[in-house]
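*Asks:* Here are the chains, one letter per residue:
There are 2 protein chains.
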Amino acid sequence: MTAPLHEANPTGAGRALPDTQQGMRRRNLARVMHTVSAEGPLSRAAVATHIGLTRAAVSTLVDELVRAGLLEELGPERPGRVGRPGSALAVSGNGPAGIGAEIGVDHLAVCAVDLRGDVRARAVRQGTNRDRGPEPVAAELTALLRQVVAEAEQQGLWPAGLAVAVPGLVARDGRTVVRAPNLDWRDTDLAALLPPELPPAVDNEANFGGLAELWLGEATPADFLHVSAEIGIGAAVVVDGRLLRGTRGFAGELGHVPVRPDGPACACGGRGCLEQYAGEEAVLRAAGLQPGENRVELLAERAENGDEDVRRALRGAGEALGIALTGTVNLLDPGSVVLGGALAALAPWLLPSIQDELSRRTAGRTCPVTVSRLGSEGPLLGAAHSVVRGVLDDPGAVAGRR
Amino acid sequence: MTAPLHEANPTGAGRALPDTQQGMRRRNLARVMHTVSAEGPLSRAAVATHIGLTRAAVSTLVDELVRAGLLEELGPERPGRVGRPGSALAVSGNGPAGIGAEIGVDHLAVCAVDLRGDVRARAVRQGTNRDRGPEPVAAELTALLRQVVAEAEQQGLWPAGLAVAVPGLVARDGRTVVRAPNLDWRDTDLAALLPPELPPAVDNEANFGGLAELWLGEATPADFLHVSAEIGIGAAVVVDGRLLRGTRGFAGELGHVPVRPDGPACACGGRGCLEQYAGEEAVLRAAGLQPGENRVELLAERAENGDEDVRRALRGAGEALGIALTGTVNLLDPGSVVLGGALAALAPWLLPSIQDELSRRTAGRTCPVTVSRLGSEGPLLGAAHSVVRGVLDDPGAVAGRR
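From first to last, the protein sequence lines stand for chains B and R. All residue numbers for the first sequence refer to my numbering, where the first residue is -7 and numbers rise by one. All residue numbers for the second sequence refer to my numbering, where the first residue is -7 and numbers rise by one.
For the record, the hints were derived by calculation from the structure and aren't laboratory data. Given the structure is predicted, the values throughout are model-derived calculations rather than measurements. Some clues are possibly wrong.
Simulated coverage check for chain B against chain R, where a stretch passes if three residues somewhere in it have a Cβ under 8 Å from a Cβ of chain R [stated by the list, open to error]:
hint, region
1, 111 to 125
2, 146 to 152
3, 218 to 231
4, 250 to 256
5, 365 to 378
The beta-carbon is built from N, C-alpha and C at its ideal position, and this holds for glycine as well.
For reference, chain B alone in the conformation it holds in the complex:
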C-alpha cells in the first residue's frame, strides 16, 4: 500500500487516472462515491441522473462499491414516493477510516474519521515535545495510533491510510521533516519511525489546516489563504480547490515574509519577518509576558479582561499580519483569508488592525478576512479527511486492496 497525500478534487473524480476504459471505470466509481457522499442517501436511479450515466452502468458500479464495503444499502425507500421503490444508498459508516495524527509542539493527537466524516475514535496526550528528539515522540505517537486503530476496528472500521501533521517543513516525498525549528528536528525520516503496516503521508500542519478549511469550512471559496499559528506562523495557499505545495514542498511560509526589511533578525536568516511581530513569542514579549504553557489562553484571557498591554501587543501583531497579507493579496488575489489555529482564538483583538491595514493598503481590491470555526482542530481533522478524500477520489484503488 502506498499512501500518497490525497488532495481536494472539486470535480469529484480522479483526473490523474489513465485515460483508458479502465481509467474511465475508476473515475466513474469516484463519481458515484462523491455523489452519494455529497447528496445521499440516494437511489441508484437518482445517482444515474446526477452523474449522467445509464441506470445499468450505475448499478454495476454501485454493486462493486457495495461489495468493497464503501457503500451500503439502507433497504427499500419508504412508501409514498413516486415510482418503484428502490434501495437507498449511503456511504458506509463501517468501511474504511482515515487515520489522522498531529505532532504539535505541546501535544500529540490521533483520530479516526469514517467515510461519512464522523470522528469515531480519538486519543490525545498533552505535554511538550520540544527537544525530545524524534524517536520517543514517534514511539508515543505509535502507541496512540494503535489505540485509535483498535478502537476503530472494534466498531467495524478498517484503516485506509494515515496522514500526519507536523509543525515544520516537509519534503515532497511526504515522509521527511526537513526542518521543524520548534521541535529542533532536522532531516528526520518520520515515516521510518512509524508502524510499517500503516505508512504515513506526512505534511505541514498549516497545509492540513488549510485542507480542513476547504473541506469542512463554511462557504469556503475555492481560492483562499488559510493562516494558522501554533508557535510559528504558517499558511496554506489553496488555488482552485487544490493546495499549492511549491517546488520543494515549502510553500506557505507566511511567517518569513519581510514586514519591515530592517527589523529584528530572524532565525530563518532574514530580518523583520512577520514572525518577529506576530509570532507567539514576539506577542508575549510585546505584552510583557514570559513564554510558557497555555500562552494563547493567557493572551485571550487578559485581552478579554481589558489588559491594555496585551491588547496593544495584539494590535501590533494584527498590523504586521495586515502588511504581510497585503503583499499576499496583491500577489494571489484570494477569495478570502481565513484565520485558523491559535489565531482563531485571538481574532477579536487581531482582526480590526488586520482589516485596517489591508483595506488602507489595497484600496478597492480588498479581500474578506474570516475566522475558522475549526480552530486548533484543523490540522488533525485535515489529516484524517485527506485519507477519506483519497478513498472518495479513487475508490477503485481501495476496492482492489480488500
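Dock chain R against the given chain B, drawing on the hints supplied.
*Replies:* Frame of chain B; chain R shown alone:
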C-alpha cells in the same frame, strides 16, 4: 465561436472535456496533436507507440486531423529505415494561426503564429497610447489586425482566435480592462471595440509574458514566478504549468507588495509598494533623469557607460525587488524567478542586488533568478501562442468549426 483563454496543459490533453466516449475521443485527438507537435515528424506507428493506443485507433484520429488541416502528411519516409515505409506526419504550417496582439503604453503590435510556432506575419506601430482613450487605440489595433490576418491568409493560414495583452488588470470575463493606470482606462469592455468576427481573449501583459516563458523559455520549471515591467511591475505566478489568475483575475500584482510599509504613498492606496522603488519612474527619478521615451534603453546605455547615479538607482531597485521576492519565495516556493520584459535588459545591474537580498534573507531556501530570452517580445508571443495551445489542447473543437 467563443474564444476562452487557453492555458498550459502539460499533460497534453483537454482534461476539462466531459468523461464520455466523445470526450475521450477529443482528448485522444489532443494527445496526437501534442505528440506530433513535440516529437514530429512521426509515422502513425510512432504516434501509436508514444500515446499507447493501437495503430488502427491512431489512424482514425490522424485522418480526422489531416482532414481538418491540423496535421499534414509529408509523404513516404526515406528508404533505409527499418520496416514498411509510412508517411511522416507533421503539424500543419498552413492551417490555423494564433493571432496575438499587444496594447503597450508606447506601442501596438500584432502577430500571427502558426501551429508550428513560427511567426508568419507581424505589424507594429510605435507611439504613445497614454490618455488617448480606448476607442482610437482599438481602431488602430483593428487596422493592424486586419493587415496581419490578410497577410496570414495569403499564406494559406486562417485565424483560429485572437488574444490581446494589455498593461492593466483584466476581469475574469477575459474582455473587460478593469484598470490600466498608465493608459488611464477603467472598466473598458475592450472586446466590444474589436472586430466581432474575431472575439478576443484579453489578459494582462504579465500573464502572457509568463505563459510565453512557460511555453518558449529554456528549461523553465513548471513552478515559477515571471517578473516583468513596462511602466509598472507585474508578475505571472505559474504553478504546475498553469497560470494562477486569482479570484477576480488580479493575481500577480507584485508591484504593490509592500517593501517598506512606511514608505512613499502609491497610487494603489498603499505605502512603500515595490513600484515606488523599482518602477521605471522611481528608477529614473533616483538616477536624476526625466521620464520620456526609450527610458529603458537610456538607463541601460548609461549603466553600461559606467554612470554611477544610474548604477546606484538600479542597485536600489534590485534591493527592493529582492525584498519583495523574498516574501514571494517564502509564500510560493517557486522553482525559479524569471526576469522578463524591460527588466531583462537591465538585468546585469539589477541581478547582483536582487540575488544578495534574496540569499541573505532566505538562508538555505533560496531560489534561482534567471533572465528571460524573450525580453519585451514575451507578452505578444504569449498571446499568439495561447491561441495555438488552445488548438493543440482541443483540436476536435477546431476541426468541428471548419
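*Asks:* Each of the hints needs a verdict: does it hold here or not?
*Replies:* Against the structure, the hints come out as follows:
no., hint, verdict
1, 111 to 125, "violated (count 0)"
2, 146 to 152, "violated (count 0)"
3, 218 to 231, "holds (count 3)"
4, 250 to 256, "holds (count 4)"
5, 365 to 378, "violated (count 0)"
Going through the hint list in order, the structure does not satisfy hints 1, 2 and 5.
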